[in-house]
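Enquirer: In order, the protein sequence lines correspond to chains Z and S. Residue numbers for the first sequence follow this note's numbering, beginning at 1 and rising by one. Residue numbers for the second sequence follow this note's numbering, beginning at 1 and rising by one.
Hints may be right or wrong, so weigh each one.
In this list, chains with the same sequence are indistinguishable; a pair is considered to hold if it fits within one copy or across any two.
[To be verified] Straight-line alpha carbon distances no greater than 27 Å define the calculated DSS-like cross-link-like pairs of lysine-lysine that follow:
#  : residue 1 : residue 2
1  : Lys44     : Lys106
2  : Lys23     : Lys8
3  : Lys8      : Lys58
4  : Lys218    : Lys307
5  : Lys8      : Lys268
6  : Lys23     : Lys58
7  : Lys38     : Lys144
8  : Lys44     : Lys58
9  : Lys4      : Lys44
10 : Lys12     : Lys90
11 : Lys240    : Lys293
12 : Lys214    : Lys346
13 : Lys63     : Lys106
14 : Lys160    : Lys214
15 : Lys58     : Lys12
Note that these hints are calculated values from the structure, not bench results.
Number of protein chains: 2
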Amino acid sequence: MKRKVTLKQIAKELDVSISTVSKALRNSIEISEDTRQKVQAFAKLYNYRPNNIALSLKNRKTKTIGIIIPEIVHHFFSKVISGIEAVANKRGYNVIVGLSNESFSKEVINMEMLANGSIDGFILSIAKETQQQQDYHHFTETIKQGMPIVMFDRVVNEIKCDKVIVDDSEGAKLAVNKLIDCGCKNIAIISTKDYVSVGKLRTQGYLDALEDHKISPKASLILKVHDQLLSEDHLDDLEKEIENLFQNNKNMDGVFAVNELYALTAMKVARKLGLKIPEDIQVIGFTDGVLSKHAVPALTTVSQHGKKIGEKAAELLINNLEREDEEDIYETVVIETELIERESTK
Amino acid sequence: MKRKVTLKQIAKELDVSISTVSKALRNSIEISEDTRQKVQAFAKLYNYRPNNIALSLKNRKTKTIGIIIPEIVHHFFSKVISGIEAVANKRGYNVIVGLSNESFSKEVINMEMLANGSIDGFILSIAKETQQQQDYHHFTETIKQGMPIVMFDRVVNEIKCDKVIVDDSEGAKLAVNKLIDCGCKNIAIISTKDYVSVGKLRTQGYLDALEDHKISPKASLILKVHDQLLSEDHLDDLEKEIENLFQNNKNMDGVFAVNELYALTAMKVARKLGLKIPEDIQVIGFTDGVLSKHAVPALTTVSQHGKKIGEKAAELLINNLEREDEEDIYETVVIETELIERESTK
DNA sequence: TTGTACGCGTTATCAA
DNA sequence: TTGATAACGCGTACAA
Numbered sequence: 001m002k003r004k005v006t007l008k009q010i011a012k013e014l015d016v017s018i019s020t021v022s023k024a025l026r027n028s029i030e031i032s033e034d035t036r037q038k039v040q041a042f043a044k045l046y047n048y049r050p051n052n053i054a055l056s057l058k059n060r061k062t063k064t065i066g067i068i069i070p071e072i073v074h075h076f077f078s079k080v081i082s083g084i085e086a087v088a089n090k091r092g093y094n095v096i097v098g099l100s101n102e103s104f105s106k107e108v109i110n111m112e113m114l115a116n117g118s119i120d121g122f123i124l125s126i127a128k129e130t131q132q133q134q135d136y137h138h139f140t141e142t143i144k145q146g147m148p149i150v151m152f153d154r155v156v157n158e159i160k161c162d163k164v165i166v167d168d169s170e171g172a173k174l175a176v177n178k179l180i181d182c183g184c185k186n187i188a189i190i191s192t193k194d195y196v197s198v199g200k201l202r203t204q205g206y207l208d209a210l211e212d213h214k215i216s217p218k219a220s221l222i223l224k225v226h227d228q229l230l231s232e233d234h235l236d237d238l239e240k241e242i243e244n245l246f247q248n249n250k251n252m253d254g255v256f257a258v259n260e261l262y263a264l265t266a267m268k269v270a271r272k273l274g275l276k277i278p279e280d281i282q283v284i285g286f287t288d289g290v291l292s293k294h295a296v297p298a299l300t301t302v303s304q305h306g307k308k309i310g311e312k313a314a315e316l317l318i319n320n321l322e323r324e325d326e327e328d329i330y331e332t333v334v335i336e337t338e339l340i341e342r343e344s345t346k
Numbered sequence: 001m002k003r004k005v006t007l008k009q010i011a012k013e014l015d016v017s018i019s020t021v022s023k024a025l026r027n028s029i030e031i032s033e034d035t036r037q038k039v040q041a042f043a044k045l046y047n048y049r050p051n052n053i054a055l056s057l058k059n060r061k062t063k064t065i066g067i068i069i070p071e072i073v074h075h076f077f078s079k080v081i082s083g084i085e086a087v088a089n090k091r092g093y094n095v096i097v098g099l100s101n102e103s104f105s106k107e108v109i110n111m112e113m114l115a116n117g118s119i120d121g122f123i124l125s126i127a128k129e130t131q132q133q134q135d136y137h138h139f140t141e142t143i144k145q146g147m148p149i150v151m152f153d154r155v156v157n158e159i160k161c162d163k164v165i166v167d168d169s170e171g172a173k174l175a176v177n178k179l180i181d182c183g184c185k186n187i188a189i190i191s192t193k194d195y196v197s198v199g200k201l202r203t204q205g206y207l208d209a210l211e212d213h214k215i216s217p218k219a220s221l222i223l224k225v226h227d228q229l230l231s232e233d234h235l236d237d238l239e240k241e242i243e244n245l246f247q248n249n250k251n252m253d254g255v256f257a258v259n260e261l262y263a264l265t266a267m268k269v270a271r272k273l274g275l276k277i278p279e280d281i282q283v284i285g286f287t288d289g290v291l292s293k294h295a296v297p298a299l300t301t302v303s304q305h306g307k308k309i310g311e312k313a314a315e316l317l318i319n320n321l322e323r324e325d326e327e328d329i330y331e332t333v334v335i336e337t338e339l340i341e342r343e344s345t346k
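Please put together the full structure from these sequences, using the hints given.
Expert: In structure tokens form, the structure reads like this:
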């Protein structure tokens with residue numbers, strides 16, 4: 001087992017100085033053709049590669065991007081990562097991932113670990129717990145120390161930084177308008193508690209769409225699910241809540257759900273109650289993942305274009321990192337949502 | 001925007017030497033109570049944290065693990081990552097992710113980038129193209145340079161390193177036995193071309209199970225799909241191939257598919273042909289992802305316990321990294337598969 | 001054409 | 001009790 005070869009070792013072996021080796025490898029004209037060839041041959045033989053860590057230390061930049069997301073086993077976040085990764089690699093950056101598991105403290109710890117020199121900047125989506133506690137000091141601290149942040153999807157307005165979002169309320173409107181166009185009169189929404197920013201915004205879009213059509217919202221048609229129910233272990237409880245919604249609103253003929261799981265569960269309940277989709281009740285979800293595509297019937301959804309979000313976020317971050325002038329001009333990029341019509345609507 | 005504070009700055013500010021500061025912060029008994037307090041207070045005020053990169057350079061270890069996987073938008077791989085991440089973080093390691101996109105060259109490039117000092121060791125699953133070309137020099141090179149590798153799921157026997165696998169052929173047997181027990185007489189397998197190791201192994205398990213029950217395999221019941229068809233863009237072609245399978249085997253009453261997508265597509269085709277599941281035909285898939293759980297009917301699958309695979313892989317790697325003696329004793333850990341019975345079987 | 005010295009941020013060793 | 005120095009690996013300005 002031979003260690004990675006360094007400049008020093010090559011220098012010693014060839015009986016020249018370290019800097020000669022360094023220059024020779026970088027094809028400096030200062031070095032004679034002769035020694036250059038010799039050094040390069042030797043380096044090739046031993047498969048020399050400059051040590052990234054040493055370069056990072058010297059250049060005071062690591063060429064790696066830190067990503068903090070709440071959860072990786074999630075189609076949307078995976079898509080975003082793959083978008084970030086694609087752009088990052090193309091521009092010579094690596095990607096390091098930290099998971100917050102929706103926990104505030106894990107988010108803070110993870111960011112601290114990475115902020116101490118491991119990365120050049122962050123791309124992140126905020127943990128639910130952080131949104132709930134509204135404690136954002138770790139973001140302000142990080143930014144103050146000169147490390148840029150790009151937030152996506154779940155963002156916080158108070159923090160000044162680049163952001164990539166989808167227009168959640170607009171996307172929701174798109175969905176609800178579609179349901180109305182398809183003849184639905186009593187449309188329910190299955191959303192999350194309000195502190196989850198996207199849940200709140202999508203609910204707003206739902207209300208706006210109703211208002212635009214002069215339909216007055218009914219409280220009983222608005223279900224704000226406790227988000228613990230998103231976990232795999234509480235599927236039954238989620239089902240029960242949604243079944244209540246159905247039972248309390250016998251005339252319901254449309255459902256807009258703020259994520260795939262809620263939508264699929266709604267379809268399941270409907271089926272159980274003997275309702276036909278889309279004949280008796282139409283369903284639209286948010287987030288275009290595999291579940292929607294392969295559901296039966298295939299689910300009409302609002303697509304967020306996760307990969308594009310990731311790409312854009314990476315671009316913003318890297319542009320910022322490589323910008324010469326140190327001006328703080330922050331952008332908020334809105335990625336268009338798109339209604340993907342499938343079989344769960346008429 | 002103030003830069004991260006360094007020992008040097010603290011030293012200058014307090015008019016002491018760098019090493020005094022360093023020692024004071026590490027509670028060295030060499031330092032007087034007085035200066036220790038002073039330094040610590042100052043450090044706290046300015047939120048001093050040692051620079052990871054400098055530590056890495058000095059200690060010649062980075063405390064980060066490199067992961068190379070073919071694809072992240074995939075429930076199984078996401079699960080594995082979350083398992084790795086959990087163990088890694090608990091033991092003070094970070095995780096850096098590279099995607100090969102099933103491409104040989106991307107796999108090589110990604111590994112080269114990370115191997116040059118950025119990480120202490122690899123956890124990886126091999127790209128399909130690499131399996132096809134059977135060019136493994138980048139693995140041997142890496143290992144030779146003293147950087148340990150742990151392979152999972154898609155492994156290659158020729159390389160000496162730790163491995164975490166599921167017993168693919170045993171899992172497949174489990175599934176096919178179940179189908180036989182449930183009364184199936186004509187069981188098809190939908191697999192991949194043989195160069196994909198797991199496809200080959202699962203096919204072997206299928207054949208073994210048949211043989212155990214003295215059922216002679218029929219060539220027409222064995223479909224080896226071109227794996228480009230796994231991509232989202234070729235769903236229609238996949239469907240067509242599977243439909244042919246059904247048409248050519250009218251008496252087929254069971255299907256074992258080596259992944260979720262093939263299984264779901266089989267169910268779709270069955271439905272299209274008017275076959276009832278599980279009454280007319282029973283289906284079992286491999287990989288227990290979200291698709292299986294939320295399919296209609298819910299799919300019986302062989303679960304690989306992806307998270308556990310990741311955890312085990314991380315353990316093996318870190319144990320290796322932190323082992324004092326430099327012995328090369330490599331383990332191959334087999335994670336038990338488990339048959340999760342749902343509604344697609346009787 | 002080649003080599004020396006310095007600095008990136010730390011820590012360990014040894015000297016004061 | 002404190003400080004100077006070397007070392008980790010690299011690149012570069014400057015000296016020889």
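Enquirer: When Cα atoms must be at most 27 Å apart, do Lys240 and Lys293 count as within-copy, between-copy, both, or neither?
Expert: Both, since 25 Å and 18 Å are each at most 27 Å.
Enquirer: Go through the copies and call it for Lys44 and Lys58: within, between, both or neither, with a Cα cutoff of 27 Å.
Expert: both (24 Å within a copy, 26 Å between copies)
Enquirer: Taking 27 Å as the upper bound on the Cα-Cα distance, should Lys160 and Lys214 be classified as within, between, both, or neither?
Expert: neither (37 Å within a copy, 70 Å between copies)
Enquirer: With identical chains, the pair Lys8 and Lys268 could be close in the same copy or across copies; at 27 Å between alpha carbons, which is it: within, between, both, or neither?
Expert: Neither: 67 Å inside a chain and 63 Å across chains, both beyond 27 Å.
Enquirer: First find the shortest C-alpha distance between Lys12 and Lys90 inside one copy, then the shortest across copies, and answer within, between, both or neither for a cut-off of 27 Å.
Expert: The answer is neither: 36 Å in one copy and 41 Å across copies each exceed 27 Å.
Enquirer: Are the CA atoms of Lys4 and Lys44 at most 27 Å apart within a copy, between copies, both, or neither?
Expert: within (13 Å within a copy, 38 Å between copies)
Enquirer: Measure nothing new, just compare the shortest in-copy and cross-copy C-alpha distances for Lys63 and Lys106 to 27 Å and report within, between, both or neither.
Expert: Both ways: Lys63 and Lys106 sit 24 Å apart in one copy and 18 Å across, limit 27 Å.
Enquirer: Could you place Lys23 and Lys58 in one of the four classes (within, between, both, neither) given a Cα distance threshold of 27 Å?
Expert: both (16 Å within a copy, 24 Å between copies)
Enquirer: Please sort Lys58 with Lys12 into within, between, both or neither, judging by C-alpha distance up to 27 Å.
Expert: both (22 Å within a copy, 21 Å between copies)
Enquirer: How do Lys23 and Lys8 come out at 27 Å by Cα distance, when the copy is not named: within, between, both, or neither?
Expert: For Lys23 and Lys8, only the intra-copy Cα distance (13 Å) is at most 27 Å; the inter-copy one is 30 Å.
Enquirer: Between Lys44 and Lys106, at a C-alpha cutoff of 27 Å, which is it: within one copy, between copies, both, or neither?
Expert: Close across copies (21 Å), not inside one copy (43 Å); limit 27 Å.
Enquirer: If the cut is 27 Å between Cα atoms, do Lys8 and Lys58 qualify within a copy, between copies, both or neither?
Expert: For Lys8 and Lys58, both the intra-copy (17 Å) and inter-copy (16 Å) Cα distances are at most 27 Å.
Going down the numbered hints, you'll see the structure goes against 4, 5, 10 and 14, while the others check out.
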